[in-house]
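J.: Go by the hints and put chains H, A and F onto chain Y.
So you can see what is in the structure, the chains are spelled out below.
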Amino acid sequence: MEIGGIIAYLVSLAIMAGIYAVFCLGLNIQWGYTGLFNIGIAGFFCIGAYASAMITTPKPTGVYAHYVNQIFGLNLPFILGLLGAAVICGVIAFLIGIPTLKLKEDYLAIATLGIAETFRLIFNNEHWLANGPRGLMGLPQPFQGLVDPKNYNYIYLIIIVIIMVVVYLSIERAIRSPWGRVLRGIREDEISAAMSGKDIFHFKMQSLVFGAMVMGLGGALYAHYTKAISPDVFTPLYGTFIIWVMLMAGGSGNNKGAVLGAFVVWGIWIGTKFMTDLLPYTLKARAPYIRFLLIGILLEIILIYRPQGLLGEEKEVSKLIE
Amino acid sequence: MVELVIYGIVLGSIISLGAIGLTLVYGIIRFANFAHGDFLSAGAYVALFMVTGLLAWIGIPDTTFGSLSFGWRMAIAFPVSMAVVAGVAILLDQILYRRLRAKGSGPVILAMSSLGAAFIIRMIILILWGADSLFYRPGLMRPAIELPLGAKIRPDQVLILFMVVVLVSSLHLFLKRTKMGKAMRATADNKELALVTGIDTERIIMWTWGIGGALAAAAGILYGIDVQLHPYMGWNFLIPLFAATILGTIGNMYGALIGGLTIGVAQQVSTAFLMPTYKLPVAFVIMILILLIRPEGIFGKE
Amino acid sequence: MIILSAKDITVGYTEVDILHEVSIDVQAGEIVSIIGPNGAGKSTLLKTIFGILKPRNGKVTFKDWDITGLKPNMVVRKGISYVPQVDNVFPSMTIHENLEMGAFIRNDDYSQRLREVYDLFPVMAERKKQKVGQLSGGQRQMVAMGRALMLDPQVLLLDEPSAGLAPVLVSGIFEKIKDINATGVAIIIVEQNAREALKMAHHGYVLAMGRNVLDDAGDALLANEEVGRLYLGG
Amino acid sequence: MLKIEEVVKSFGGLTAVCECSLEVSEGAITGLIGPNGAGKTTLFNVITGHYKPERGRIIFQGEDINGLAPHKIFQRKIYRTFQITREFSQMTVIENLMFVPEGQVGERIWNTWFRPSAVWKQEKAIHEKAIEVLEFVELIDLKDEYAGSLSGGQKKLLELAKSLMADPKMVLLDEPGAGVNPTLMRKLIANIRKLCEEKKITFFLIEHDMDLVMSLCNPVIVMSEGKKLAEGTPEEIKKDERVLEAYLGGQYR
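Chains as they are written, first to last, in this note's numbering: chain Y, 1 to 322; chain H, 1 to 302; chain A, 1 to 234; chain F, 1 to 253.
Note that these hints are calculated values from the structure, not bench results. No experiment lies behind these values; they were computed from the predicted model shown. Some hints here could point you the wrong way.
What the hints assert, rightly or not - Some chain A residues judged to face chain H by a derived CB distance under 10 angstroms, without partners named: (1) 81; (2) 148; (3) 151.
Glycine residues also receive a C-beta, built at the ideal position from the N, C-alpha and C atoms.
One chain only, chain Y, in its complex shape:
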């Protein structure tokens, strides 16, 4: 492979790692700082992607409408797609939070899992909604006409980096403030936090919704990168599990760890692809499973031997005044 090809490959790798970093940052708000156990990230991934897709594409007309069903298409700019994805995910998180956030932590886990599976099934079965299993294609990309399509990834990488930085900074700002301190306190001891006058349910809800909005953003970024989405992308493996491994590997309760984890685990994931390419032909079809098996074992090893991850949690939350 010539050098240009390698760079192009690295750029595509960085784009995906950057998208996953956004998810990890969202999960870190919920799990790392508040202790909320969301195992339905794929649901927010899916909703974010579809929401942005339908906001930014036009409703199919003419002959095309015979082949593609879509409940609405607003044909709005990319940035509104991102915002819409975030808002819709926030609303859904709010609805899940109502019955579960006052109960034990496992209930939120089961409920988010249920939401993820349910939305995937709905998008798969309801053709009128978003074209069923075939999904949506031809999603617009921002600043498309600016460069040669084969160099477009550079632009998208810049967009991803900008959004990732904005998300990172806004989370950092909120976490470093009294808001983040309350979340960490709730994670440590809910009763004591309540005795200091904090409304636990309210703060947990904010954390769940904020985290879900960030995940929605991640979903939208993914959709416009691949330009085509279908329900089978948003499986528990790609949509939830690998993100958990990333956050645990990087260090939950640490936003730098969340980003680092995303890049490291995505690197390992791609690395295992090269490894499985060496397998005999008959096993190749099942290579992704072998790779996921390794990722699963990685999670167990982290949980047992290094639960704090690579970076570990930061000692101080309140750093605003320094």
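T.: For chains H, A and F alone, coordinates are given in the frame of chain Y:
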């Protein structure tokens, strides 16, 4: 409609088997085992390996019992698979959960670890058998028995109900009559007191995993006989299992039985109005309703 | 003959010591009452003897064995039973099953012992099949003691058996404790209800702030002016 | 200041607090003593909204606060500490304190983005106050340590410090002296007295260490079997026959 209710009871009894195991583990080890669904898959595939591989190779004849769709091979594979999955469950506890418990990790970390275990089991199945649906005996159709009111039931399904009744009653007798069963209930009631009484609670935990795993394996095989095998079958059972467990109050075996039947019937009856693929969301919606109305379940105290 | 002795026990839950070099001796077949204000470390002493807590310093001897630091499920096999203050029954199980659990580690035929325990608590024999969770506090306390007696222990440790009970039930519980003792079991009882506890005790120990303060025969302590003073710190 | 009227709270079959009525007057250090199981901690939990009583009224400064959620009670400027300290062990000492003040601007997430200067200003003030409080209780050298790594006595001081961050009118202390060594104990007593005199904070405390109670509290209330048994100055309580009975048992005869 009568037919749907009957099929619902068949499905529900399978869910019950899984939910009973889940609720026992929840009651004694006190965490949500997200790998429980994949124990079902593991059981079904171990039996598949026995029926189509090992036992065929040994030379056990491929005959069937009467109008049932299986014969000696399955009769041998069934208990063996239960034992194997019981062993897998105990092994997972020894390798993963026991270490985490010893480190003082909270229930959420244990649950996360079980989620990892779920994926590991599923990936092993996918690596060995691929992603397609499989059958114990492809292409074999047996005539259904005509029941009053125009309902039909297949002989296999009658046997499934029979097997569930046998397994649940044996578990009931085990817990009520044997020393180990009573010690299990005692540990679920009050672990500290059990220890003070001289009960080796780590051993009880092993028994609990063993029983939970064996029942899950049985549920998986029975589902495989009734419908088909699929690597994601257990994962798709996970939400119904949790719904049944929560509906019947966490830790309550009889609650899980009733919860399982309720969920199963509701899922089957829903197919009269909804696409069959929406069975899972139906269980999910029921679960959310319980959480809103009565989160402690039907047998729970306020 | 001294059957159980704890010598110079220093122990705490965290780095803070609750007990400082506390010692007690128990003669075979006698009732020993341990009294003292709240927070004196009375329950902590029982937990240490039974192996629930590991002492930082000191030694627990039962008959000829050094049982210091032995785990509870091993201590119970030596012939010591323990009734915790709270959560001392299996509520979803029947009275009969609670007693069976008491005999969990016995592999011999314990039907004789079961009869003896039922004889000691006739109320329980009438309600064998009833779930313990439905019983009143006093009855639960009896079940808890019955459970502990199933092993035919030589020493019974009771942690505040009268706590939280209605006044009318308290004297009944104390009568039962005397009955149990009459069958030859040595009893160490930790009590808030100091007067009653001293009345029936052969020997009493007063603890305060985690230290031995006084020890004497039960009635001698009862008559002691200082005991009253200790309670109010004066 | 705080008036409890015929409060009843039971668990299952056991009545922990039984038609208990008592009053705590403003500016005093009121001691609450009584044998185990007398219902003292339960009463505290009822006051702070942790348990809902079956019956009765809890009047604080003329307002019935019965049945309010814990954070609403806190807003009425009542602060409570626990018998077993409940610090946020994975947070630093100073952050434990900065957590406490109510209604911080920066607790609203949009303020952290859109009004950073207001958040920053308040945060600085809270930080200064926390430093001041830590100096007061002499924990300043430990300000950047994890709260979980403090000793038992230091945790008790941390609890007291947390209560100061709340600008409370009334502080409920559940066994502030338990597990505290004599040196720290003297410091604790001095601190409580100083706070009562200088900052006009009303204290209501459960304590088993009679030296502490008798030297610090006036009046002393004695609870037994879920209700008030006696009230008076330490001298009166010491001489009260009923109190002696309650502690020695045999009150049923």
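J.: For each hint, tell me whether it holds in the structure or not.
T.: To see whether the hints hold, each was checked on the structure:
Hint on residue 81 (chain A) holds. Least Cβ distance to chain H is approximately 9 angstroms, under the 10 angstroms limit. Satisfaction of the interface hint for residue 148 (chain A) is found here, the shortest Cβ-Cβ separation to chain H being roughly 8 angstroms, below the 10 angstroms cut-off. For residue 151 (chain A), the shortest C-beta to C-beta distance to chain H is roughly 8 angstroms, which falls under 10 angstroms, so the interface hint holds.
The structure agrees with every numbered hint stated previously.
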